[in-house]
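Undergrad: Here's the letter readout for the chains.
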Amino acid sequence: MNRTNELTLLPKLPLLITESPDEFDAVWDAFEREIKPRGIIEQMYVHDISSIVWEILRLRRCKVVIINSAFRSALEHLLVQLLKGPGQYGYEVGDEAQTLAHAWFIDQEAKKQVSEILSRFDLDESAIEAEAIRRSSADLELLDRMLTSLESRRNKALACVAEYRASLAHQLRESADRIIGGKGILRLEDAASERSTAA
Amino acid sequence: MASERQIAANRRNARKSTGPRSAAGKKRASRNAYRHGLTLSVASTKASAKQLDKLVRRIAGDTEDAIVLERARAIAQAELDLARVRRAKVALIECASAFGELDPRSLTTVTRVIRFLNAFYPGRVALPKPLDSSATMPSQEPDRSAEAIRRLLPELRKLERYERRAAARRDRAIFNR
Numbered sequence: 007m008n009r010t011n012e013l014t015l016l017p018k019l020p021l022l023i024t025e026s027p028d029e030f031d032a033v034w035d036a037f038e039r040e041i042k043p044r045g046i047i048e049q050m051y052v053h054d055i056s057s058i059v060w061e062i063l064r065l066r067r068c069k070v071v072i073i074n075s076a077f078r079s080a081l082e083h084l085l086v087q088l089l090k091g092p093g094q095y096g097y098e099v100g101d102e103a104q105t106l107a108h109a110w111f112i113d114q115e116a117k118k119q120v121s122e123i124l125s126r127f128d129l130d131e132s133a134i135e136a137e138a139i140r141r142s143s144a145d146l147e148l149l150d151r152m153l154t155s156l157e158s159r160r161n162k163a164l165a166c167v168a169e170y171r172a173s174l175a176h177q178l179r180e181s182a183d184r185i186i187g188g189k190g191i192l193r194l195e196d197a198a199s200e201r202s203t204a205a
Numbered sequence: 008m009a010s011e012r013q014i015a016a017n018r019r020n021a022r023k024s025t026g027p028r029s030a031a032g033k034k035r036a037s038r039n040a041y042r043h044g045l046t047l048s049v050a051s052t053k054a055s056a057k058q059l060d061k062l063v064r065r066i067a068g069d070t071e072d073a074i075v076l077e078r079a080r081a082i083a084q085a086e087l088d089l090a091r092v093r094r095a096k097v098a099l100i101e102c103a104s105a106f107g108e109l110d111p112r113s114l115t116t117v118t119r120v121i122r123f124l125n126a127f128y129p130g131r132v133a134l135p136k137p138l139d140s141s142a143t144m145p146s147q148e149p150d151r152s153a154e155a156i157r158r159l160l161p162e163l164r165k166l167e168r169y170e171r172r173a174a175a176r177r178d179r180a181i182f183n184r
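Residue numbers (the working numbering), protein chains in the order written: chain A, 7 to 205; chain B, 8 to 184.
The reader is advised that the hints may include incorrect statements.
Here are the simulated DSS-like cross-link-like pairs (lysine-lysine), alpha carbons at most 27 Å apart as the crow flies [said to hold, decoys possible]:
id	chain 1	residue 1	chain 2	residue 2
1	A	69	B	165
2	A	69	A	18
3	B	61	A	18
4	B	57	A	18
5	B	34	B	23
6	A	18	B	23
7	A	162	B	165
8	A	162	A	42
9	A	69	A	117
10	A	42	B	61
11	A	18	B	34
Bear in mind the hints are in silico, worked out from the structure with no lab data behind them.
Fair warning: this is a prediction, and the values are worked out from it, not measured in the lab.
Full structure from sequences and hints, please.
TA: Here is the structure:
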């Protein structure tokens with residue numbers, strides 16, 4: 007979509023090197039199509055909403071990666087707990103757990119072996135995910151707070167567009183009333199009544 | 008409570024330290040409270056002042072009404088502040104993505120202890136190699152950017168507050184609250 011002159015004045019949203027400007031433009035276009043901004047203020051809000059949504063998407067992607075990257079250490083920790091026999095220390099099975107956790111990502115046989123160990127304790131692979139989430143809970147909590155804050159700002163910006171439109175409509179109505187109730191209109195009406203009396 | 012003698016001693020001591028005397032020291036001290044520059048006016052550089060004026064004109068239209076112009080200026084200023092915080096956010100993430108962290112960790116204390124021990128037991132304790140934070144970063148995207156964001160979460164949250172304030176200032180100016 008071609009941007010109007012007004013938008014070239016608005017500062018562009020800086021993107022990360024790895025982010026695609028075309029994808030951001032697609033998000034922006036989608037909001038422009040939905041909101042159909044009129045005037046620079048509404049365009050400012052649409053740009054703001056698109057930027058916030060873009061950041062929300064960025065943080066959501068990050069959330070998934072944070073959990074995924076905690077998988078290996080989560081699995082290793084879990085295996086140490088499960089492999090450890092009574093009276094045994096964690097470090098005694100540490101090497102085995104480490105090797106198995108590493109192999110789980112690349113070797114089907116190791117995956118099967120881990121599943122067997124987990125099933126011995128009535129667990130399945132969701133236990134690994136749960137442990138990964140637990141291990142990254144501090145980061146995830148911060149991310150969630152940021153996401154909540156961004157979502158509330160997005161909703162506020164959407165409400166602002168509606169409020170701005172309503173206030174603009176109110177102003178236009180008032181101006182129209184003033185014009186109708188003003189002298190210019192009266193003169194026209196007077197002229198019309200004069201014409202009818204003359205006839 | 009401090010006694011008369013203590014108060015007099017404090018005053019005498021305070022007179023001895025009157026801040027930096029050299030030009031370089033004064034210059035350095037003038038930036039003591041400077042953290043990120045995000046509260047600085049957007050009109051602080053010539054280019055940004057020009058951009059601000061253009062945006063003000065676009066918002067206010069042809070009017071010469073001082074009140075309308077002032078409101079338009081407040082809106083434009085907040086909008087440009089918002090853009091500045093967003094630029095800062097992206098720059099921080101890019102920086103952390105490239106180097107693994109913003110400020111390299113200082114090993115001063117550890118180094119000092121090791122030097123002290125080496126004075127008594129020469130060559131027994133080796134100085135640690137400087138930590139390379141970028142080595143602990145994932146090598147591929149999008150994991151690398153995500154890890155950079157994870158490492159920067161506290162800073163990003165602070166910037167988020169600035170962003171929210173700038174947006175609130177803009178909304179107040181638009182709706183004249």
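Undergrad: Going back to the hint list, which numbers does this structure go against?
TA: The structure conflicts with hints 6 and 11, although it agrees with all the remaining ones.
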